[in-house]
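Using the hints, build the complex out of the two chains.
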Amino acid sequence: MKIAADYSTYLRPESKDHFNLEWAVEGISSADAIAEIESALVSIPGLLRARLNFTTRRLTTEWTEADCDPSPAIRTLERLGYRVAPFVGDSEESEEDRYTRWLLRCLAVSGFAAVNVMLLSVSVWAGNVTDITPETRDLFHWLSALIALPAAGFSGQPFFYKALRALRQGDMTMDVPISIGITLALGMSVYETAHHAEHAYFDSALMLIFFLLSGRVLDHAMRKKTRSAAANLAALRIPVASKINADGHVSDVPSDALSAGDLIHIAAGSRIAADGIIETGQSQIDSSLVTGETELTAVKPGDLVYAGTFNHHGALTIRVVAAGSRTLLADIGKLIDEALTNRSRYVQLADRIARIYAPIVHIAAALTAMMWIALGTSVHDALIIAIAVLIITCPCALALAAPVVQVITSGALFRKGLLIRAGDMIERMAEIDTIIFDKTGTLTLPEPSLIDASQLSDKAMLMAGRLALSSHHPLARAVSEAVREKQKRLEPYPDAQEITGSGIQCVIDGVEARLGSPSFCNVTAPVWKENVSYLAFRFGSEAGLISVGQSLRADAADTINKLKAKGYQIMILSGDHSDIVRKVANDLSISDWRGHVLPKEKRDLLVAMKDQGRKVLMVGDGLNDAPALAAATASLSPATGADVTQAAADAIFTGKRLSPVFDMLMLTRKGRRVMIENFGLALIYNLIAVPLAVLGFVTPLIAAAAMSGSSIIVALNALRARHAETFKS
Amino acid sequence: MTILLYLVPAALGLGLLALAAFMWSLRSGQYDDLDGAAHRILNDDDVRVD
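Protein chains in written order, with this note's numbering: chain V, 1 to 729; chain P, 1001 to 1050.
No lab work stands behind these hints: they were computed from the structure.
All values reported here derive from a predicted model rather than from experimental measurement.
By construction, the Cβ of each residue, glycine as well, lies at the ideal position given by its N, Cα and C atoms.
There's no promise every hint is true.
Quick list of simulated restraints, FRET-style, between CB atoms [unchecked claim]:
| hint | chain 1 | residue 1 | chain 2 | residue 2 | range |
| --- | --- | --- | --- | --- | --- |
| 1 | P | H1039 | V | H18 | 49 to 55 Å |
| 2 | V | H196 | P | H1039 | 37 to 43 Å |
| 3 | P | A1037 | V | R722 | 23 to 29 Å |
| 4 | V | I277 | P | H1039 | 35 to 41 Å |
| 5 | V | L719 | P | L1007 | 35 to 41 Å |
| 6 | V | T76 | P | L1016 | 45 to 51 Å |
| 7 | V | D252 | P | H1039 | 31 to 37 Å |
Looking at chain P on its own, in the form it has when it is part of the complex (with noise of 0.2 Å):
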């Protein structure tokens, strides 16, 4: 079982990294306008047309 050695820390690792990430989000107010943000990734006019 010496398997769990690797194995028990890294899948705890993996969720600590996904549970940071989030707390960066949430920092960083990628939760303050959802509504908004579903709408802009459709919003290309950052694409010039020369």
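Extracted from the complex, chain V is given alone in its bound form (with noise of 0.2 Å):
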């Protein structure tokens, strides 16, 4: 049987001979891969160009033929250790990737009027306490009048249609503030322009604009990187099917590209790619990404089965059934939407802020004006200190409070392995008290891992992994990867043969290896043990078996001491049975534990916890875990789990390691602490400015330096957010 790759779906036609192919990279971890995948792929025929972006893990090829095959090239990054998966960029990320390139030219016409403006501003200054003209000063003025207000009514355009959208909705947001900051600014600006008075405040708006356009391009920066590395390992998941076409042949397809009726084949050993009812074949299922369970159930034709799900040990064929009566995730995802919007939607820190600081201003600016009229100045002066008031509080440094944190923050995380979902986050994640865990898939590794391999010598172990490396069975992996973890560099045995469903033999220095079942390799089956499973191992006269099985993550105690003692609760509630997760409860000195329970009653538990005024965390990975997920304060998810729970999930944490769980709720609280200080800061520079604006002492001169210097120290301060207590390997 031969198995074609089918590509065609992701190709992309730019003109006539010339299509392009993107592809995620896993596997990158320096900078010398540019260069080694580039000159890779140069020989590969049809393909024009290859280009890596570092930046993104992502590969860009250009084909000169619509029917191309890829399949050399994927071979040839296969050999050098890179896994690719073919990319669809979704439109949530072009769109994002659009408005942070319009944000950066905003941000360069703001930059370039700031500049010249404040040239012509300080000559203004200075001219202003020794011999400058009038006539001088007005044509400065006007010049900058020239520059700020086109350049004022672009780059300002990010703040003005979010304020126009908040005061739409009634409601109250910090844009709302700086926009009238802003237009106030310039309006008096130029009014006073036109009368040849002494001061005008151009450069002050154009500052204003540049520096709060700085926060918003780092924090679309960041996001873009966390949300590119999110899409590549979705990318990477995407399961392929193996489609029995009409005429008997077999061809390689991604599961979206099926539809009803279709007939796939799924080898032993793989993820079952679509929901469907089997048509031959018996096997035994693994369904511990969708229901939690870690016992095996045996299914015959006629039975259905679920996308996600595990085939074990026999070949099956199966019939896709209908996208619309997938049952359970249909069920599933009407649990999630219930929860979602029940989700009270949660208020940012800086909006609450907002709500209190923009009606506080206006009225104190309303107040000032009133203030001088009564001790007899004329309205005139009065208004322009009043519009003073206004532009020295308009909220700077209290708007880039928040969004600079958020950016150290979730850098933070990034090289800690997390990967944010939602800015808001941050603050949710900080206020958590409760944590509740699933069991299989976050607690344990997703994968089975090595237990026991005592019987066979250093050596013996070291064949087998090389061995294992020649199968894509996760237990073959799990010898190659415990192999892998003392011999870094492993390479297969270029003859190597897999023998489906038995095993891989290969003949070394004239003696045949093998690697596989007991019975493959001639040694006695053992005992039958819940959640274990034996592969044998025969070179020549030296045999042995080797368990492997679900394991909990190597950190896993660490860590939930770890969390104990900061003080959270911990609880595991798991889709497995009651004795499975007893044993994992007692090894983790977790208490509070339930086993058997169903989705519906995991959101349920987690809403009456909600009720009680706890702040819950829920870390789950499986399809039963999503509702509770949805329903949580704040979410989190490995990137093993299944698709609709990352959806459903606030952050992402990939690896082997629990310890991400800790690193986060750290990282959070002491972003949320340096967050608070920093809304202390800008408030603090307010009761300093605001009384020296009321009494009419603020001149454009101390307006620039007042708001700059505030903004900046803001901003050094976020960069204390990057170090917390984090977790010691």
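Rendered as structure tokens:
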């Protein structure tokens, strides 16, 4: 049976003889990969050009023909140790990209204008205390207006649009006082310039826009980085299905391209790509990713199997059933939607402050004007002072306070292997007091791992590891991974052969070596034990058993202890059998646990805890956890979790360790603390600047110095959020 | 102060030139892979040793 991969669904035509194919690449550890990958692909027939984007870890390849065959390229990359998957950008991501570029354009325009207007303003400030003539000052002011008005009109758009939208919805965000401040500063300056006045605030308005835009650009750049990393993970996990065509030959297609009625072939040791009814074959199915149960279920022709479950033993042929009748997924989807609508919209700290801040400053400005009029000043002068109050209170530092911390914290989290999906989750995550863990795939490793290989010598294990590289079966992968931990560079035997359903064999130095099922290696099979699978290895007369199974993440106990020491309440909710859950709970000394919990019960338990006033973090990977993740105060999912589950989670953690959970809580706590400090700093600035403005002492020079000074202090303070007490390995 | 008639347009013109250069570099995708660009400059595979 020959299997040909079909990539036509991913090919994007650029012109008649020019087709683009984008790949997500896994396994890039250093910048050497750029040269290594690009030069390795030079000799692939039909491939015009390959370019690796090192930031997004994506490879763009250009082909000359629509029916190109990228498989030699994939093989080349796999030989180099990279894993690739075709990648299709989603519309949300390209929308974000366009917005980021627009923000950058606005930033460039405001930067250019701010610098040039500042040049003119400094001349005026210096001239005011020396010998500038009123005519020259007017000329400089008019020139400033000529630059500032169009520049502010263009680069202020991000704030104006958001402010308008907030006002239309009867809401109050920081964008409203910002827009009012900018508009008033410009309007008053034009009026003053027309009346040959000494002071104009063009530079303040532009600098304000420049600082605020820098914060937003950084925020978007950081978000783009985490988003593209998450999208790559998703692309690498898209299951490929072996579709059996009408004429009997088999082709590999992405599982999204399957439709109801298609016949697919599922090899032993692979994930089932679509919901379907078994036509031929018998096997045992592991549904841990779907239900959390680790016990295998036997299936036979006529049985319904779900996408995401794992086929252990025999090959199966499955007739795909219609997407609409995905009973399980449809049920879970309904639960998630309910949970998301019930989750009250969290109001961010910055917006909560804006709701109080904006009315206060506007009332203060109005009172200032009235006070000066009452004291006998002209209406014109009183209004100028009142507007100066509004300019100086324009919340530059206040609006930067939260975003700069978000940038720093998400950067620190990214380095710890955590990808966050929403900026406001930092604030929610920092409030957590109770953590609920799922068991399978969260506290335990998602893939089986090596438990015991003491029957074999180190030399034999090395051979077993090299043999295992030739198979994609998860049990074989467990062996090769375990050996790789000791021996970094592991190469497969070139003439190793995989015998489906049995194992791998190869002749080494004239002696036959076998790795596979005990009977294949002629080793006596042991007594069956729960949750453990056995492999055997034979090399000539040397033979032994290797046991592989579900095991806890290596640092699970440490992490749980540290979390407890920090005062977090910890609980396990699992869909698995109570006996298995009890054992894990005992190993981790968690007293609060429940087994055999249905998805709806998980969610209901969580909602009940939230009603008691607890802030709950849910950590889970299975489809059965998704509704609970959506209902929780904040949620976290491992990168190996089901797609639906990751979509419902606030953040994703990568790697084999559990410590990111601890790091996430510590870093977000620190982030929130720094955020509050920043708001404090911004308010102190106002406490000093506002009385000066009210008394009429504020000149454009003081406004420029005070506003940029406070913004810089806030940005520098945000850098402190990088460091928190994190997990030491 | 007639010198201002030359100096101010010159200053603004130079600034605008820089702005236009930035816009061009942004459009031509030079900010798409900042990490990669930092390393590519050290890569001298294109220098043939014959």
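Hint-by-hint comparison with the structure:
{"no.": "1", "hint": "P:H1039 / V:H18: 49 to 55 Å", "in the structure": "violated (27 Å)"}
{"no.": "2", "hint": "V:H196 / P:H1039: 37 to 43 Å", "in the structure": "violated (56 Å)"}
{"no.": "3", "hint": "P:A1037 / V:R722: 23 to 29 Å", "in the structure": "holds (24 Å)"}
{"no.": "4", "hint": "V:I277 / P:H1039: 35 to 41 Å", "in the structure": "violated (51 Å)"}
{"no.": "5", "hint": "V:L719 / P:L1007: 35 to 41 Å", "in the structure": "holds (39 Å)"}
{"no.": "6", "hint": "V:T76 / P:L1016: 45 to 51 Å", "in the structure": "holds (48 Å)"}
{"no.": "7", "hint": "V:D252 / P:H1039: 31 to 37 Å", "in the structure": "holds (34 Å)"}
The structure does not agree with the numbered hints 1, 2 and 4 stated previously, though it agrees with the rest.
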